[in-house]
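Visitor: My request is simple: use the sequences and hints to build the entire structure.
Sequence lines, in order, name chains Y and R. The first sequence: position 223 = 223 (the working numbering), numbered continuously. The second sequence: position 241 = 241 (the working numbering), numbered continuously.
Hints were generated in silico from the structure; no laboratory data involved. Heads up, some of the hints might be wrong.
[To be verified] No more than 25 Å apart at the CA atoms, straight line, and that leaves these computed lysine to any residue pairs for SDA-like:
no. : chain 1 : residue 1 : chain 2 : residue 2
1   : Y       : LYS46     : Y       : SER240
2   : R       : LYS205    : Y       : SER240
3   : R       : LYS205    : Y       : GLN163
4   : R       : LYS205    : Y       : ASN289
5   : Y       : LYS129    : R       : LYS134
6   : R       : LYS160    : Y       : MET237
7   : Y       : LYS129    : R       : ARG166
8   : Y       : LYS129    : R       : LYS205
9   : Y       : LYS129    : R       : LYS160
10  : R       : LYS205    : Y       : ASP287
11  : R       : LYS193    : Y       : MET237
12  : R       : LYS205    : Y       : ILE11
13  : Y       : LYS204    : R       : GLU190
14  : R       : LYS134    : R       : ARG166
15  : R       : LYS205    : Y       : SER244
16  : R       : LYS54     : R       : SER318
17  : R       : LYS205    : Y       : SER64
18  : Y       : LYS159    : Y       : MET237
19  : Y       : LYS129    : R       : SER324
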Amino acid sequence: MAINTKKAIKISQKHLLGIQDLSISDVNLILSEAKKFILLNKSKNKKINILNGKTQINLFFEPSTRTQSSFELAGKRLGADVMSMNITNSAIKKGETLIDTAMTLNAMHPDIIVIRHQDSGASNLLSQKVNCAVLNAGDGRREHPTQALLDALTIIDRKNKIQGLKIAICGDILHSRVARSNIYLLNMLGAEVNIVAPSNLLPKDINKLGVNTFSNMKKGLKDCDIVMMLRLQNERMTSSFLSSNREYYEYYGLTPDKLNEAKNDALIMHPGPMNRGIEIDTKLADDINKSVIKEQVELGVAVRMACLKIFCE
Amino acid sequence: MKKKYFLNANVVDPYNSIEEIGGLIVSEEGKIEAIGKKVNKNNIPSREKFIDLKEKYVFPGLVDMRVFVGEPGYEYKENFKTLSNAAIAGGVTSVVTMPNTSPVIDNVSIVDFLKRRGRDKSKINIFPAASLTKNLEGANMTEFGLLKKKGIIGFTDGNKTIQNTRLMSRIMKSAYDLDCLIMQHAEDLELSKNGMVNDGIISTKLGLQGIPDIAEKIIIERDLTLLEDLNCRYHVSQISSSKSVDVIAQKKEVVNFTTGVSINNLSLNENDIGDFRTFLKLSPPLRTEDDRVSLIKGINKNLIDVIVSDHKPEDEESKRLTFSQAATGASGVETLLPLSLELFHNGSVKLFKLIELLTSNPAKILKINKGNLSIGNDADFCIVDIYKPWIVKKEKIISKSKNTCIDDKKLQGQVVNTFVKGEELFKI
Numbered sequence: 001m002a003i004n005t006k007k008a009i010k011i012s013q014k015h016l017l018g019i020q021d022l023s024i025s026d027v028n029l030i031l032s033e034a035k036k037f038i039l040l041n042k043s044k045n046k047k048i049n050i051l052n053g054k055t056q057i058n059l060f061f062e063p064s065t066r067t068q069s070s071f072e073l074a075g076k077r078l079g080a081d082v083m084s085m086n087i088t089n090s091a092i093k094k095g096e097t098l099i100d101t102a103m104t105l106n107a108m109h110p111d112i113i114v115i116r117h118q119d120s121g122a123s124n125l126l127s128q129k130v131n132c133a134v135l136n137a138g139d140g141r142r143e144h145p146t147q148a149l150l151d152a153l154t155i156i157d158r159k160n161k162i163q164g165l166k167i168a169i170c171g172d173i174l175h176s177r178v179a180r181s182n183i184y185l186l187n188m189l190g191a192e193v194n195i196v197a198p199s200n201l202l203p204k205d206i207n208k209l210g211v212n213t214f215s216n217m218k219k220g221l222k223d224c225d226i227v228m229m230l231r232l233q234n235e236r237m238t239s240s241f242l243s244s245n246r247e248y249y250e251y252y253g254l255t256p257d258k259l260n261e262a263k264n265d266a267l268i269m270h271p272g273p274m275n276r277g278i279e280i281d282t283k284l285a286d287d288i289n290k291s292v293i294k295e296q297v298e299l300g301v302a303v304r305m306a307c308l309k310i311f312c313e
Numbered sequence: 001m002k003k004k005y006f007l008n009a010n011v012v013d014p015y016n017s018i019e020e021i022g023g024l025i026v027s028e029e030g031k032i033e034a035i036g037k038k039v040n041k042n043n044i045p046s047r048e049k050f051i052d053l054k055e056k057y058v059f060p061g062l063v064d065m066r067v068f069v070g071e072p073g074y075e076y077k078e079n080f081k082t083l084s085n086a087a088i089a090g091g092v093t094s095v096v097t098m099p100n101t102s103p104v105i106d107n108v109s110i111v112d113f114l115k116r117r118g119r120d121k122s123k124i125n126i127f128p129a130a131s132l133t134k135n136l137e138g139a140n141m142t143e144f145g146l147l148k149k150k151g152i153i154g155f156t157d158g159n160k161t162i163q164n165t166r167l168m169s170r171i172m173k174s175a176y177d178l179d180c181l182i183m184q185h186a187e188d189l190e191l192s193k194n195g196m197v198n199d200g201i202i203s204t205k206l207g208l209q210g211i212p213d214i215a216e217k218i219i220i221e222r223d224l225t226l227l228e229d230l231n232c233r234y235h236v237s238q239i240s241s242s243k244s245v246d247v248i249a250q251k252k253e254v255v256n257f258t259t260g261v262s263i264n265n266l267s268l269n270e271n272d273i274g275d276f277r278t279f280l281k282l283s284p285p286l287r288t289e290d291d292r293v294s295l296i297k298g299i300n301k302n303l304i305d306v307i308v309s310d311h312k313p314e315d316e317e318s319k320r321l322t323f324s325q326a327a328t329g330a331s332g333v334e335t336l337l338p339l340s341l342e343l344f345h346n347g348s349v350k351l352f353k354l355i356e357l358l359t360s361n362p363a364k365i366l367k368i369n370k371g372n373l374s375i376g377n378d379a380d381f382c383i384v385d386i387y388k389p390w391i392v393k394k395e396k397i398i399s400k401s402k403n404t405c406i407d408d409k410k411l412q413g414q415v416v417n418t419f420v421k422g423e424e425l426f427k428i
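Guide: So, in structure tokens, the structure goes:
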């Protein structure tokens with residue numbers, strides 16, 4: 001496939017730390033680049049060598065399946081040399097701080113570092129200490145920009161637009177970086193965003209980000225075009241937020257009767273990994289007419305290729 | 001020591017209700033011999049040399065009620081010598097040191113050590129506070145009476161709060177019997193668990209666990225309710241929110257207590273944290289602009305009695321981390337006065353009031369004869385050019401730790417000289 005190399009608009013940021021930092025033209029640039037990679041990823045020869053000679057380091061401090069493999073594959077398909085650091089074997093385990101790790105890696109002259117970290121703001125800190133571009137692959141509960149971008153791409157792919165759509169984001173908003181990045185991005189692209197969560201999982205003053213909040217799921221899903229479910233992040237819960245999973249499923253799990261409140265052609269999304277039977281009915285998750293969860297993963301590679309290409313330049 | 005004569009200064013001594021152009025005579029023994037407008041060129045011997053302080057201000061040496069020092073245990077953060085050098089550069093001549101050291105200041109023998117070190121290494125007056133509970137564990141009371149006899153002026157668990165209500169009630173009863181001052185850091189630790197910044201839109205945006213303002217309010221309400229039972233000497237170390245100001249306003253009618261506030265909470269708000277600036281990770285956290293403004297109103301309505309630096313030196317390694325890993329607190333004893341003067345320059349608080357909260361009020365609460373320029377007292381004072389503009393630079397911080405939360409801030413007002421017991425110990 002021929003990639004359009006015409007120099008269009010440039011990205012305004014050196015790093016991709018969060019959707020908050022991006023302008024609408026930055027977002028359009030990334031999405032239009034990503035669209036070009038969708039077809040490439042479906043073709044027989046999936047490799048182009050536009051990042052030949054570039055070095056990409058994946059620095060994952062938290063366990064991750066899809067994001068890490070997606071970034072790794074994206075880099076390799078573009079021809080970059082990709083190194084994924086295994087944190088369990090690294091000096092971090094010996095007490096090295098993030099800044100020292102950053103300095104060490106920086107001395108190896110990478111062109112791009114992809115970081116996932118359990119602390120909010122870790123990617124910001126890293127970006128201040130290295131010379132190369134930093135891509136945030138999720139920091140604490142702050143932002144996960146590539147996830148939001150791939151969600152937007154998926155929605156556009158199916159609905160041809162985002163402007164004017166009604167989108168519900170449901171579940172553990174408090175601990176979710178995906179929710180935050182999506183709120184910024186979907187608002188920017190003109191959607192109406194409903195947040196559905198039990199009050200215990202709702203961050204303070206979230207309505208100031210320009211969203212409607214609901215603790216009643218049926219009300220929150222009313223007439224929605226998209227229902228985005230989030231994972232219950234038990235590993236980040238330090239004390240009791242909920243009485244039980246089964247009660248949570250009863251009130252906040254996506255079930256056919258609750259989905260009935262949304263539009264007939266509503267799509268179901270989930271950033272994964274899913275807790276089947278906790279936040280989503282397992283049949284709904286696999287319903288090929290409604291669920292676009294697999295497509296999200298597929299387009300994730302395209303979005304990350306676009307980001308790597310743009311931020312490597 | 002030679003007798004010293006200072007003339008034509010703006011003398012502000014709230015303890016003696018002095019705010020006038022006048023002079024100051026320091027005796028050979030380092031005591032205040034005369035003060036105020038009576039001291040002028042006409043009534044000093046003509047052969048004597050005098051120092052003309054035209055357009056300069058003379059304040060009593062500041063009394064900072066909340067200072068963390070690293071000695072013993074964390075000398076690499078701050079020791080008595082570096083603390084006292086930093087303090088005199090900011091016109092502070094008396095400090096209350098927090099007991100959060102290693103070992104904790106919780107028994108009589110460690111107080112002896114502390115007093116010796118303080119005397120030998122420090123140029124300023126060190127008033128150590130001891131902990132309320134052994135090893136700061138919030139379980140068993142320390143020996144208030146015996147510690148007081150050794151010279152402890154107040155009791156606090158520093159940056160920890162007594163969570164157990166029954167224990168708090170017992171602490172108050174003991175403090176009442178023994179006439180001891182209790183200083184409480186007000187924070188419900190269950191509500192503030194893992195919290196780093198004010199709970200609100202900023203914590204939501206930054207993805208950081210918030211500390212709700214009610215965590216402070218609930219403890220203040222609880223303690224002041226307990227106080228209704230038996231009114232011991234009780235001081236809320238620091239407040240940070242408008243909700244706390246409201247509670248204090250209500251309870252002032254009912255019981256006697258005093259309240260402090262950190263200069264950081266009076267000067268900064270949560271927006272200053274910006275892009276995860278760990279030097280602004282403070283306890284209590286910086287809150288909203290509305291909260292900041294209501295704290296200033298609280299000062300002007302006499303609801304807040306003391307301004308402290310909440311000086312908490314932390315080494316570079318404890319701050320060069322992600323926000324959640326970084327240590328809490330900022331170094332600030334040397335910028336306490338200049339930063340406070342900002343509140344005068346921007347019209348928030350009158351100069352006399354400001355100096356009162358920095359000198360005589362804390363001294364009265366602590367029952368120490370400091371923070372005033374009364375005749376016969378130690379001549380602890382500072383000379384200040386209150387209009388001198390300057391910029392805070394991290395590299396120029398005198399304290400051993402450079403973790404100032406106002407790096408690059410433009411300030412107006414600089415300490416020119418600081419005297420302790422009549423001796424000039426600092427000169428710019």
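Visitor: A separate judgement is required for each hint: does it hold in the structure or not?
Guide: Hints versus structure:
Between LYS46 (chain Y) and SER240 (chain Y) the alpha-carbon distance is near 47 Å, which puts this suggested pair outside the 25 Å criterion. With a C-alpha separation of about 23 Å, the suggested pairing of LYS205 (chain R) with SER240 (chain Y) holds against the 25 Å cut-off. Pair hint LYS205 (chain R) plus GLN163 (chain Y) holds up; C-alpha atoms about 23 Å apart against a cutoff of 25 Å. Proximity of LYS205 (chain R) to ASN289 (chain Y) is assessed by CA-CA distance (about 35 Å); at most 25 Å being required, the pair is judged violated.
Only pairs whose Cα atoms come within 25 Å are accepted, and LYS129 (chain Y) paired with LYS134 (chain R) is rejected, the gap being roughly 42 Å. Taking the CA atoms of LYS160 (chain R) and MET237 (chain Y), the gap is about 24 Å. The hint holds against a cut of 25 Å. Simply put, LYS129 (chain Y) and ARG166 (chain R) have alpha-carbon atoms about 49 Å apart, too far for the 25 Å limit, and the pair is violated. In summary, the hint linking LYS129 (chain Y) to LYS205 (chain R) is supported, as the alpha carbons are separated by about 23 Å, within the 25 Å threshold.
Only pairs whose Cα atoms come within 25 Å are accepted, and LYS129 (chain Y) paired with LYS160 (chain R) is rejected, the gap being roughly 34 Å. Our distance criterion of 25 Å between C-alpha atoms is broken by LYS205 (chain R) and ASP287 (chain Y), whose separation comes to about 34 Å. Restraint check for LYS193 (chain R) and MET237 (chain Y): satisfied, since their Cα atoms lie roughly 12 Å apart, inside the 25 Å limit. Of the pairs offered as hints, the one joining LYS205 (chain R) and ILE11 (chain Y) holds, with about 23 Å between alpha carbons and a cut-off of 25 Å not exceeded.
Only pairs whose Cα atoms come within 25 Å are accepted, and LYS204 (chain Y) paired with GLU190 (chain R) is accepted, the gap being roughly 17 Å. The suggested pairing of LYS134 (chain R) with ARG166 (chain R) holds, with an alpha-carbon distance near 16 Å, which does not exceed 25 Å. For the given pair, LYS205 (chain R) sits about 28 Å from SER244 (chain Y) by alpha-carbon distance, which is inconsistent with the 25 Å threshold. Using a Cα cut-off of 25 Å, the hinted pair LYS54 (chain R) and SER318 (chain R) is violated, with the two alpha carbons roughly 44 Å apart.
For the proposed pair LYS205 (chain R) and SER64 (chain Y), the alpha carbon gap of about 23 Å is at most 25 Å, so the pair holds. For the proposed pair LYS159 (chain Y) and MET237 (chain Y), the alpha carbon gap of about 35 Å is over 25 Å, so the pair is violated. Between LYS129 (chain Y) and SER324 (chain R) the alpha-carbon distance is near 18 Å, which keeps this suggested pair within the 25 Å criterion.
Comparing the model with each earlier hint shows violations of hints 1, 4, 5, 7, 9, 10, 15, 16 and 18; every other hint is respected.
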